[in-house]
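Peer 1: So the protein sequences, as listed, match chains Y, D and V. Going by numbering that gives the first Met the number 0, the first residue of the first sequence is number 0, and it counts up by one from there. Going by numbering that gives the first Met the number 0, the first residue of the second sequence is number 0, and it counts up by one from there. Going by numbering that gives the first Met the number 0, the first residue of the third sequence is number 0, and it counts up by one from there.
One or more hints might be untrue.
Some residues of chain Y that are not near chain D, with every Cβ distance over 10 Å (derived) [unchecked claim]:
id, residue
1, Gly115
2, Ala126
3, His135
Simulated crosslink set (DSS-like; lysine-lysine; CA at most 27 Å straight-line) [claimed, not checked]:
id, chain 1, residue 1, chain 2, residue 2
4, Y, Lys165, D, Lys141
5, V, Lys215, D, Lys381
6, D, Lys456, D, Lys365
7, Y, Lys307, D, Lys406
8, D, Lys406, D, Lys365
9, Y, Lys307, D, Lys274
10, D, Lys274, D, Lys141
11, D, Lys381, D, Lys365
12, D, Lys406, D, Lys381
13, Y, Lys165, Y, Lys307
14, D, Lys365, V, Lys215
15, D, Lys406, V, Lys215
Calculated from the structure, these hints are not laboratory results. Here a beta-carbon is modelled for each residue, glycine too, at the ideal position from N, C-alpha and C.
One letter stands for each residue in the lines below.
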Amino acid sequence: MIALITSILAITLRAGTSLIYAAVGEIYAERSGILNLGIEGMMLMGAVTAFAVAFHTGSLLLALLAAVAVGALMAALHAFLTVTMRANQVVSGLSLTLFGTGLSSFLGQRLGPEGGALTGLVGPRIAPIALPILGHIPVLEAVFTQDVLTYAVYLLVPIAWFYLYKTRPGLSLRAVGENPQTADAMGLNVSRVRYAYTILGGALAALGGAHLSLAYTPGWAENITGGRGWIVIALVIFAMWNPARAVLGAVLFGGINAVQFRLQAAGATIPAPFLNMLPYVMTLLVLIVMTWWEALSKRIGAPAALGKAYMREEK
Amino acid sequence: MDQEQAQTSHPILEMHGICKRFPGVVANDHVDLALYPGEVLALLGENGAGKSTLMNILVGLYRPDAGRIAVHGREVAINSPRDAAALGIGMVHQNFCLVEPMTVAENIVLGLSGLPFVPDMDQIARRIRELSAHYSLQVDPKAYIWQLSVGEQQRVEILKQIYRGAEILILDEPTAVLTPQEAQELAAILQRMTAEGKSAIFITHKMEEVMAYSQRVMVLRQGRLVAECATRETSPQELARLMVGREVLFHLKREERQPGEVVLSVRGLEARNEKGLPALRGIDFEIAEGEILGIAGVAGNGQRELAETITGLRRATRGEIRLRGRNVTNLSPLEFIQAGVSHIPEDRVEMGLVGNMAVAENLAMKGYRRSPLASRGVLQPKPMLDFARRMIDAFRIATPSPHTQVKFLSGGNLQKTILAREITACGGLLVAVHPTRGLDVGATEAVRRMLLAERAKGTAILLISEDLEELLAVADRIAVIFEGRIMGILPAAQAGIETLGLLMAGAAGPA
Amino acid sequence: MRITFEKRQSLSYQATILAPIASFALALLGGSLLLGLSGANPLATYAAMLDGAFGSWPNFTETLVKAIPLMLTGLAVSIAFRMQFWNIGAEGQLTLGGVAAAWIALFWAGIIPSTLLLPTVILAGIAAGALWAAVPALLKAYLRVDETLTTLMLNYVAILFSQYLFYGPWRDPKGYGFPGTAPFPDAAWLPRLAGRAHLGLVFAIIAAIALWFILKRTRWGFELRIIGENPTAARYLGINIARNIVLALLLSGALSGLAGACEVTGISHRLQQGLSIGYGFTAIIVAWMAQLNPLAVLVVAILMAGLLVGGDQVQIMMHLPAAVGVVLQGMILFPMLAGALFTEYRIKIVREPRRAPTTAPEVEL
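The whole structure should be built from the sequences, with the hints applied where relevant.
Peer 2: Below is the structure:
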């Protein structure tokens, strides 16, 4: 029994890692008012880039840096289109997902040795490391026997929470997403804030993708993300744009996915697809309740300016 | 600081020859302004007179086309709100610049330069409480904005400016959103501030506020400065005249008519505004066939809500509206339209027209439900085009073609388009709200002629206007609205600007 | 020096026509960069794609096969977008259309006379898609819940539900491990017109013409356009916004459901994995590039389908990844999105004086 719980906990945390990176990134982007539906594409590009670079150079660090750069670049394009050119955010994001999906597939078939495919290859891997002492406590060892990127998540979340709610730039960020007119009148540079956090969002999404190809799966396969990018969108709503709550959601969403196999082996009778539906249905309910309960949505709701372009009428 | 002392010291702020033009309208025409330390200056004028524009230039939101600004005698360039803040100029806008899900303290320090990376919110809260007590601006730093009343939110805005070092505070229509008690508290706050040497400019169109709060007043009309004097040397009536009076540019022939049957009857009408405050507090009047009833009053006294309840766009909380005896209170906008009510709205482009659609299409937007413009659900392009051409001719709408998108038309032609449509579709009652606002002389004359022509045909017209000359020229009877009540209804022949001005300022008049 | 945007005083028609063409050209340019970097000859690749998509009759019919669902979902999305309703749930609506169609075809074949079976199947698909779109529509119209996220979430509920069915209770026992339902009876097969291109093409063309007619020439379409352009004016004019949103979305969902029904009855003849290869999302690209014009949607859908089929061909002939087509699809909209601004605004460079503002000299572009 303990072994089952431990293994479920371990795999849930590992599965949730990529989700949390992308979710924290998207929380920051949406907090600035930009909806990024291109996460799926950025995660895929992050995954393929990381694996390709790791495979050819042997350096995991370089691989992660490359992935981050690629995600940032894609997000920069999204920011350019939506912030400067004031294009429709939904369409821009979906285009990026399509582009990222196609390009990652293309690269996945050409970046292998001698222009071949990357699929099926074995590359450098970020292996789990057990922490001294903590890694040997029963049950908790699942938490403390993870790879470096997952450990980084343990730090990322509290830092992300603190930055958002307790620092000056976090305050500015929240204002920009809630009321860009006011933020502008108070002297904040709305465009710069949106660019910065959208790019951050892309970089983190790509990092999440890198975790998949370097640690979780590992390796490269088409559709390695399996729709995680969409789960991240749901996750951000479910977390009500709060990085701390995102952990709960990521563990829940990631866990369901990863764990259903083991549950069925243990005799559970809920069909897998219904379990997989749970995140989406729950998010839908959260959305409805939040919109309906006005007081709630003033306090913990979508950033009021999410999805709308902002232009100060230059007179 | 009393008036003489203030006058002999140097002005803390001077604006010389400020000009600002927007497409189609001159908002500020060589305006001069001087503000002395420790005084409250009132900036009075109708809507569209240029007051807000002038102040927006002062706080760096707009750039003037010409003119100079000097603070403490030194010429300055104010290119952004940050520049203005650095000079000690802060503004409390009509629409508050507050982020609702954040606390008072967070709003006050938002974007403040010099704020540390991890701000000490407790220390900030303490400082806010100090200032709060000092200026009698009771507010809890840890409260969330959405929890506060409008009056409290305004106090946060004022506190915000003081916290950030404002020496010159600009208030845009501050009492528009306050209850009478809150307005009195505001007066006390202003007194505390000026006692400390700070100065304030407040923008208003209410004469009684000018008398109550200010030491000096400047009156703007159509972008120009028309008067400047000490408050105690003037009176509400004089201010009303200055604000509104203009030479009669043209004479319109209005035939004498015997009004026919009652078309619109309003009894005890009550309604609330956007913020849930009472806007109409029991309105009674009637309009007969072939009669124009003018509604005079300073903006913000319930005119918008009146027009909206009578056209089905706003819920009446009490009272009755009858069209030819039939109770139509709180029916849908469509039912009002079908009952023959036409509406020339205050917001021409936002409400009355669809900018991206063609002139012909906009003209058809009231008649498209019936033949000949539509037959069995299908629009008939040829009849629509014929109809459009006839309207364009009859109402002299200047447009390159009936297929031009309406957003490219000038202000006067936009209004003519709406008029053409509404007058043609009218089945008895026409509600016209500020129909000549912002229009040039030619367009204004054309609109007034059309209204009189409709009157001659027997249409009942409710004309809401801030332009007293217009009402006197065109209306049969004039009712004055003040704080949601009708203060008096006078035959136009018996009304004069002074009487109307008194009623508009809230004095009781002949019933 | 500052760059600002100023609203144009007159509409630029050239921009509206040139935009999609220029964007396509720019996408091709971008694609050739990618191809060049990966050692392929861009011109040869594009030629092969062109040939693969349109070079022969069989190739063209294959392109049509992929174009048909794109046409229908493209139309579906365009009508929603016209109302400023961001329906990104076409994928789910399509899926449920396929599910409903399969339900009738598999379980009602014995009860419904065979001449009526196919029409019923198609109608079921239409109804299912419409109902699935009604949910977010009602939520938006009456509860003001944002539709972007609700339609997205409902996609996955629909897709997962469909998976549950053909992996589970509807699974074909004789399927030899291949997940999917049993094949539909012949009476529920949608007739093919040429190659594998089926009657759905006719439905799509009729739908496009009907939609064009509705929007341009009917009272209802007039009201829909007004709601999309200016909801405040719509209310002032007496138009019932909530009801019209729901009706328009029923139509939108119906078209997607029809696409799903046609796919299962015309191509796969069963409900299985791979019912949609992301048509619902590509439809958004199609609708946007067609600038929401129903007739243009038909043309753009064929173009997009051509990119996909051409990509497959390129994989076979030149051993290049088929994903080339998808990459191009993804790139097409970037120039259009960037350029959309210029139909409404023009650039203005304002040179700033260093002292107090007097008159600012302007240079217009």
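Peer 1: A separate judgement is required for each hint: does it hold in the structure or not?
Peer 2: Hints and how they fare:
1. Gly115: The claim holds: Y:Gly115 sits with its nearest Cβ about 50 Å from chain D, beyond 10 Å.
2. Ala126: Given that every Cβ of chain D is farther than 10 Å from that of Y:Ala126, nearest at about 36 Å, it holds.
3. His135: The assertion about Y:His135 holds, with a minimum of 37 Å to chain D.
4. Y:Lys165 to D:Lys141: Roughly 14 Å separates the two Cα atoms, so the pair holds.
5. V:Lys215 to D:Lys381: Satisfied, since the Cα-Cα distance of roughly 13 Å is no more than 27 Å.
6. D:Lys456 to D:Lys365: 20 Å, holds
7. Y:Lys307 to D:Lys406: 22 Å, holds
8. D:Lys406 to D:Lys365: Roughly 18 Å between the alpha carbons, so the hint for D:Lys406 and D:Lys365 holds.
9. Y:Lys307 to D:Lys274: 24 Å, holds
10. D:Lys274 to D:Lys141: Since the Cα atoms of D:Lys274 and D:Lys141 sit roughly 23 Å apart, the hinted pair holds (cutoff 27 Å).
11. D:Lys381 to D:Lys365: 17 Å, holds
12. D:Lys406 to D:Lys381: 23 Å, holds
13. Y:Lys165 to Y:Lys307: 26 Å, holds
14. D:Lys365 to V:Lys215: With Cα atoms ~17 Å apart, D:Lys365 and V:Lys215 stay inside 27 Å; holds.
15. D:Lys406 to V:Lys215: Holds - the C-alpha atoms of V:Lys215 and D:Lys406 are around 20 Å apart, at most 27 Å.
Of the numbered hints listed earlier, not one is contradicted by the structure.
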